[in-house]
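J.: So the protein lines, in turn, are chains A and B.
Mapped onto our numbering, the consecutive letters of the first sequence carry residue numbers 223 to 481.
Mapped onto our numbering, the consecutive letters of the second sequence carry residue numbers 3 to 261.
The reader is advised that the hints may include incorrect statements.
Claimed, not checked - Which chain A residues face chain B? A few, computed with CB under 10 Å, are given here:
(1) Val248
(2) Asp249
(3) Leu282
(4) Gly297
(5) Gln298
(6) Glu299
(7) Val301
(8) Ser302
(9) Val303
(10) Ser305
(11) Ser306
(12) Arg363
In short, the hints are calculated from the structure, not lab data.
Backbone N, C-alpha and C fix where the C-beta goes; we use that ideal spot for every residue, glycine too.
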Amino acid sequence: MSKYKLIMLRHGEGAWDKENCFCSWVDQKLNSERMEEAQNCGQQLKALNFEFDPVFTSILNRSILTAWLILEELGQEQVSVESSWHLSECHYGALIGLNREQIVLNHGKEQVRLWRKSYNVTPPPIKESHPYYHEIYNDWRYKVCAIPLDQLPRSESLKDVLERLLPYWNKRIAPEVLSSKTILMSAHGNSSQALLKHLEVISDEDIINITCPTGVPIILELDENLHAVGPHQFLGNQEAIQAAIKKVEDQGKVKCNDK
Amino acid sequence: MSKYKLIMLRHGEGAWNKENRFCSWVDQKLNSEGMEEARNCGKQLKALNFEFDLVFTSVLNRSIHTAWLILEELGQEWVPVESSWRLNERHYGALIGLNREQMALNHGEEQVRLWRRSYSVTPPPIEESHPYYHEIYNDRRYKVCDTPLDQLPRSESLKDVLERLLPYWNERIAPEVLSGKTILISAHGNSSRALLKHLEGISDEDIINITLPTGVPILLELDENLHAVGPHQFLGNQEAIQAAIKKVEDQGKVKRADK
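Pulled out of the complex, with its shape left as it was, chain A reads as follows (with noise of 0.2 Å):
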């Protein structure tokens, strides 16, 4: 019996993403067309007459400004926004900023889809040669986290992702819901999926084939003990979700001239 709700989001995509580069950690802006997704999915929200208190977000940019840009458009700027590591995209390693095409004509696309899409495959780490390894670990929101900076991950799978990520929901987020309050998570692709498959209780296998498409508001009911009462469900127009999931899933697929 459904108890509880909760709304999270992928944010929309940064100008890496149109480059086909894996972002990760980095911290890229939204482009103008994300912020204009940002905006659609707030305007969706109010619509809905959601009234949030608080939102969660990552520590990247892109989460937050994406939560920034949905309380201007529900008139909530005052709501409360929390910002932890522990929300962050999935740690893409050595493979941060290399372009996917690229990466799978050296790997091959099923090397590629293993470490986007397998539960516990973890890309290798990232060095600090790494062209953005000190941009990422020289930032001061990395050294005021809850965890010390060289204990932070240089690299992970999902199940990774899930294991930080389930001690800041079972701490922060969990009490809130529990609280009756109306929960906004604004986060990425990855974060999102590890969260859906513990309240989902979706398999390691099955977990590959989830996919969120970015910029759509996702609604998981709870029942009293946060278990998920039925799939989480997708907010807006079917067909344009249905587009926009396919438009991830088309990330990583090579482009043959033969096709």
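Guided by the hints, dock chain B onto chain A, whose structure is given.
T.: Frame of chain A; chain B shown alone:
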């Protein structure tokens, strides 16, 4: 001996500033100039290498958007932002929405100056028949305050502003300052003035003559008892700041043809 630093600021222009109307608790948006002021403020703070731990704002969106724009310039979007009605602009009661020039013509510059600039003179209270009454009090943000809706102000003097602000300063902000956190307060003309009066020990008579320019970071250095060590300072180009102060002071003066 200076032990702590505090940065506060008064948000930039909204549409009503240009029309010379008392905005007060009406939730006007920043106009494009006001947004630009906020960004410039952020750039100045970035050039001075400020790293904020916590930002406090009122529940009025113009103070929140100002904070967001500053955090965006700093690349510190992830810093927690806490919003409270206790940092709101002064409640101008029945004068809300009225044009300052018209009021000065009707009541005289001196009466308007008294209402605007005295310490303990309260304007007439807002009544249900006021065009903005329901827009203000029907908003959810005032239903989830720490104070019941019917006990929220219907009009305030600067003294009243300090009386409702001080518990929030003592309970929420001061402990953060004392724990060594770098705090930004994004507030309003009168709520900033009230706080400065308290921290600097400014008399009831002298506070009338303190004008805060919009969009200029105000630095206050505090001792171990959170008393100001010296007067507040405006950060930035001093000539531009003086011009900005004069602009604010000129609001409310009647434009006469014979001048």
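J.: Next step is simple, just say for each hint if it's right about the structure.
T.: Hints, verified against the model:
1. Val248: 13 Å, violated
2. Asp249: Interface hint status for Asp249 (chain A): holds (7 Å vs cutoff 10 Å).
3. Leu282: Holds, about 8 Å.
4. Gly297: It holds, given that the least Cβ distance between Gly297 (chain A) and chain B is near 7 Å, below 10 Å.
5. Gln298: With Cβ-Cβ at 8 Å, under 10 Å, it holds.
6. Glu299: 4 Å, holds
7. Val301: 8 Å, holds
8. Ser302: For Ser302 (chain A), the interface hint holds, since the closest Cβ of chain B sits about 7 Å away, which is under 10 Å.
9. Val303: 6 Å, holds
10. Ser305: Cβ of Ser305 (chain A) sits 4 Å from chain B, so the hint holds.
11. Ser306: 9 Å, holds
12. Arg363: For Arg363 (chain A), the interface hint holds, since the closest Cβ of chain B sits about 5 Å away, which is under 10 Å.
Hint compliance for this structure: hint 1 is the single one not met.
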